[in-house]
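J.: Spelled out from the first residue to the last, the chains are:
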Amino acid sequence: MGTTLIILTVVVVIALVGLIGIYNGLIGRRNRADQAFASIDVMLKKRYDLIPNLVATVEKYMVHERELLSELTELRTRAVTGDMTPAQRAESERQIDSALGRVMVSVESYPDLKASQNFLHLQASLNEVEEQISASRRAYNAAVTDYNNAIQMLPGSLMAGPMGLSQRVLFEASAAERQSVDVRSMFQR
Amino acid sequence: MPTTSHNQPSLAALYQGELRPILDELEQRRLRARKRALLSAAIIVPIAIVLALVLVRVIGPFGLIIPLAIGFIGWGFLVHGAMQEYRSYFKSQVIARLAKVIDPDLSYMPGGGISEREFSDSEIYRHRIDRYRAEDRFSGRVGATAFHFSEVHAEYKTTTTDSKGNRRTTWHTIFRGIFFIADFNKDFQGQTFVLPDTAERALGGLGRMMQGWGSKIDGRPGEMVRLEDPEFERLFAVQSTDQVEARYILSPSLMERLTRFRNEIDAPVAIAFVNAQIYIAISTNKNYFEPPALWRSGAALGQGDIEAYFKDVRLAEEIVEDLNLNLRIWSKQ
Chain B
8 MGTTLIILTV VVVIALVGLI GIYNGLIGRR NRADQAFASI DVMLKKRYDL IPNLVATVEK
68 YMVHERELLS ELTELRTRAV TGDMTPAQRA ESERQIDSAL GRVMVSVESY PDLKASQNFL
128 HLQASLNEVE EQISASRRAY NAAVTDYNNA IQMLPGSLMA GPMGLSQRVL FEASAAERQS
188 VDVRSMFQR
Chain P
-9 MPTTSHNQPS LAALYQGELR PILDELEQRR LRARKRALLS AAIIVPIAIV LALVLVRVIG
51 PFGLIIPLAI GFIGWGFLVH GAMQEYRSYF KSQVIARLAK VIDPDLSYMP GGGISEREFS
111 DSEIYRHRID RYRAEDRFSG RVGATAFHFS EVHAEYKTTT TDSKGNRRTT WHTIFRGIFF
171 IADFNKDFQG QTFVLPDTAE RALGGLGRMM QGWGSKIDGR PGEMVRLEDP EFERLFAVQS
231 TDQVEARYIL SPSLMERLTR FRNEIDAPVA IAFVNAQIYI AISTNKNYFE PPALWRSGAA
291 LGQGDIEAYF KDVRLAEEIV EDLNLNLRIW SKQ
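Residue numbers (our numbering), protein chains in the order written: chain B, 8 to 196; chain P, -9 to 323.
Quick caveat, the hints were computed from the structure, so don't treat them as lab data.
A few of these clues could be false.
Away from chain B, derived, C-beta distances all over 10 Å, residues of chain P [said to hold, decoys possible]:
(1) Ile37
(2) Arg121
(3) Pro220
(4) Gly294
Only pairs whose alpha carbons sit at most 16 Å apart, straight line, appear in this in silico EDC-like list of lysine to aspartate or glutamate [unchecked claim]:
(5) P:Lys322 <-> P:Glu125
(6) P:Lys322 <-> B:Glu138
(7) P:Lys322 <-> B:Glu100
(8) P:Lys81 <-> P:Glu125
Glycine residues also receive a C-beta, built at the ideal position from the N, C-alpha and C atoms.
This is chain P alone, in the form it adopts within the complex:
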């Protein structure tokens, strides 16, 4: 089983050897994309201005808007193409290589992702989904534990109509971050949810009472499960269809490991144990596995940057190790 300490030297070697020319090429592409963006702006802006001035004379103030809008869209289109090329080079050359360092069998699909079906099967988020996007899918196996994860952004929309009859659509995020699914090491039939505990932390005992009502309103199956670990209880609220099974899954050691994991990640974490799988949703605003911004100043990616990307790619292995999901001493092998 690969570990960080084992991989660190090979990561340095990878950086010094294989990655160096790739990163230089990446930087070249970034500068080229940036140049293209500036150049196209330099061409489009004067033309648009001249056109606008002409059109204003002909059809009035409305003529100002059309060329500027078209110019802006055209510019965006050109930049987008260059940006896509730059991104896909980064993903296929850098991220894919890092994945191979961790485990030759770890597969990476930049365009793939956790399906909407899998996402909603977890029942962690029960809101109706109107727009769903997922990218950067990794899948692999540590010992007997198969896993896959990707970035996910799920949203719903609300439409309001104001007094003048104008319809306005607003998009609200249901979940954005990393969604991880792995085979769990114990068999179970019911559904158990470990959700971030917002009510109890803010309101104490009263919050605990409200959790009880909330779960009924929310409609998620099961009832509240109160566990012994106070630190764990402070961070999470547990809900399950089976009181005994919830404790079978959440052994004292797993509770401790989850507490440590949550504190290390330092972001809201929601977990579901459903269909013999563990689903972990880590909410973050960071866009993972992306190249440095086009307008970033400074030199090519250094070894420190590569280590940071490496850490992100290794997330799944880390979860499996941290939660000891590969411990197979029970009936399920």
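Just chain B, with the same shape it has in the complex:
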């Protein structure tokens, strides 16, 4: 009688410890994915901060691109102030990406601007931020993959449902972004 009770207790304790372990593991992974997502935000904010400087620097030279610059400014204002759903957010980021890209292409036709110390410095800062954004996206993707694996594989998959954890989506380059890169690299060869 005594031994059965002991065995039963041991089994229950082991099961409990296992459950707690799985639970903590899943929560840890979810929080890490959240944290990685927040780190993207930090980097995006850095980019928002650079946009006014960029506009101020280039508008003295760029006479024909007033419209493009005001579009960029507006996009930035909306991104900083507006409360957006993640989907709108992604769309707004995509537009900022594209507007920034167009500004950088237009710079090519202003040699004075291209050579100005101020602009070179801004360009370096922008490259820096872009690289940081790409790094935090990759970190987010790694964290989400880890999280998705955990909630889809045994034993985590048994607990994910009751815990209300659902799969998350990875960041991907939009079709337009991918295409523009392809075209450019084709011309360079």
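We have chain B already, so just place chain P on it with the hints.
T.: Then chain P, alone, in the frame of chain B:
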């Protein structure tokens, strides 16, 4: 920026012109050193034998050992002196000239080396160091990227006492090979390590799990970073104090470049990104920048040999180019 293709003709010219007489002189010195070694052996050995025979009569079998040991040490001493002279001639005349061909500002110090402090600051190897030697220090600059590298041999010792109370000291190598330090082209605060991946290659997924535990036992700061490039992941295990920063440093292009570099070098490579620098430790058993052995048969160094030495001296430039360390498009200039 100097490149190999640009330097090849000037290397041939250097060999045909300036280096030829130096290499002939080097060969003369080698033969002289060898002759001296043989000659001193010819003198020392008979004397030692005669002395030994006499001493055996006087003080017994122990008398055999003393003259032979003294003779051997004396011979070693004489040969060592000749060998040192030969080596330093080679280094100051041949290697130093090759360095100048690559870049007049590339400085070479045969006796200098990466300091023990710099070596341990990288935290690539965390074992206690009991004996540290470094030689053949090169330092220079490619564009904005300052670098220096040298040969390093770091060891630790263990002492065991057997049942009879005899103490035995054994030396174990921590690292032996080329240690390279350069300015990195991006700013960062944390510490990121790219280490040879032994566990994962041998054990697959289980090895990956063990890496996680291993890093905690090892005590190196940071946690495992899993990256997207499968080829890179197969060769290396990455550990960092900052997941985002590790990916900022290890961009897809740098991962690809590191994979290619590792495959070309074909030796274990460990890398640390610490203090805004990149530290690269390449483990090899080859003793670099040394003249041909005293007992080598055959003629003086040919152009092929010189090209091989040239390639070794150019290692740093090659690393900077291969890893594109001079690309300065980010905030750090």
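J.: Below or equal to 16 Å on CA atoms is what counts here, so check Lys322 of chain P against Glu138 of chain B.
T.: Roughly 13 Å between the alpha carbons, so the hint for Lys322 of chain P and Glu138 of chain B holds.
J.: Sort out whether Glu125 of chain P lies within 16 Å of Lys322 of chain P, counting only the CA atoms.
T.: Violated, at about 31 Å.
J.: Taking only the CA atoms, is the gap from Lys81 of chain P to Glu125 of chain P under or equal to 16 Å?
T.: holds, 11 Å
J.: Looking at Ile37 of chain P again, its CB stays over 10 Å from all of chain B?
T.: At roughly 72 Å from the nearest Cβ of chain B, Ile37 of chain P sits farther out than 10 Å, so the non-interface label holds.
J.: Does the claim that Pro220 of chain P lies outside the interface with chain B hold up, using a Cβ gap greater than 10 Å?
T.: Since the minimum Cβ distance to chain B is about 13 Å, Pro220 of chain P lies beyond 10 Å and the statement holds.
J.: Since Arg121 of chain P was said not to touch the interface, does its Cβ keep a gap of more than 10 Å from each Cβ of chain B?
T.: It holds; Arg121 of chain P is separated from chain B by about 40 Å at its closest Cβ, greater than 10 Å.
J.: With the threshold set at 16 Å, check whether the alpha-carbon distance from Lys322 of chain P to Glu100 of chain B stays at or below it.
T.: violated, 26 Å
J.: Taking C-beta pairs only, is Gly294 of chain P more than 10 Å away from all of chain B?
T.: holds, 36 Å
In terms of the numbered hints stated before, the structure departs from hints 5 and 7, listed from lowest to highest.
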